[in-house]
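Visitor: Build the full structure now, drawing on both the sequences and the hints.
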Amino acid sequence: ETGVTQSPTHLIKTRGQQVTLRCSSQSGHNTVSWYQQALGQGPQFIFQYYREEENGRGNFPPRFSGLQFPNYSSELNVNALELDDSALYLCASSLGRSGNSPLHFGNGTRLTVT
Amino acid sequence: GENVGLHLPTLSVQEGDNSIINCAYSNSASDYFIWYKQESGKGPQFIIDIRSNMDKRQGQRVTVLLNKTVKHLSLQIAATQPGDSAVYFCAENIGRGSQGNLIFGKGTKLSVKP
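Quick mapping for you: the protein sequence lines, in order, are chains A and B. In terms of the working numbering, the first sequence opens at residue -13 and continues consecutively. In terms of the working numbering, the second sequence opens at residue 366 and continues consecutively.
One thing to keep in mind: the hints can contain errors.
[Stated by the list, open to error] According to the in silico footprint, chain A covers these stretches of chain B (three or more CB under 8 angstroms from chain A): (1) 396 to 403; (2) 468 to 478.
[Claimed, not checked] Computed cross-link-like contacts, BS3-like style, restricted to lysine-lysine with a CA-CA straight-line distance of at most 30 angstroms: (3) 436(B) to 407(B); (4) 436(B) to 421(B); (5) 471(B) to -1(A); (6) 478(B) to 407(B); (7) 407(B) to -1(A); (8) 433(B) to 421(B).
[To be verified] Short, incomplete list of chain B residues facing chain A, as computed with Cβ under 7 angstroms: (9) 390; (10) 407; (11) 408; (12) 409; (13) 411; (14) 414.
If you're looking for bench data, these hints aren't it; they were derived computationally from the structure. Note that CB positions come from ideal geometry on N, CA and C, so glycine has one too.
Guide: As structure tokens, then:
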């Protein structure tokens, strides 16, 4: 069984730039969720994708967007980067969208915005 | 690696002792709860979950207790080992229609002394 994999592991961008983060879900999982984790904090929900459509969104502005592909992999795109976007971005996969099955997380992408 | 334990409440225990990590959750409508373990440089790792129709669930060396009256969740780790040192997060799901949004607590850093 292959776990959740994310790329890249680390990334440095300049304020105003755009970034794309990638995630491959655990085999057999059809739902992908993205979370942002600031240093010393718990993860915060960005959005979830199920069957290639957004299936719920947290309190993040529209410059945070995503995609899910037919193989259930996913991308997180962030436009017009701000310094406060510096964080660990976590992808998690699960089976079903109900929120009543555990999310399985990847090891994240550490984004630094300078 | 990631310093996920920065400025978090810390629990320090001796190797071999039992550990109890507590969590107060926020929403009385939450019906599903999960405990995650996060080691430095890694994503959260699923430990154990419990649904709101239960008040206790046991796993291997771990037990989760749920008290819905006071909105309190605890994780008990038996015979704590150095490998248990990590930050522990509780997470709640507020029920159907929440589209898989897990709300994470602030985390507790567990430090095991050999």
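Visitor: Going through the earlier hints one by one, which of them does the structure break, listed in rising order?
Guide: 9
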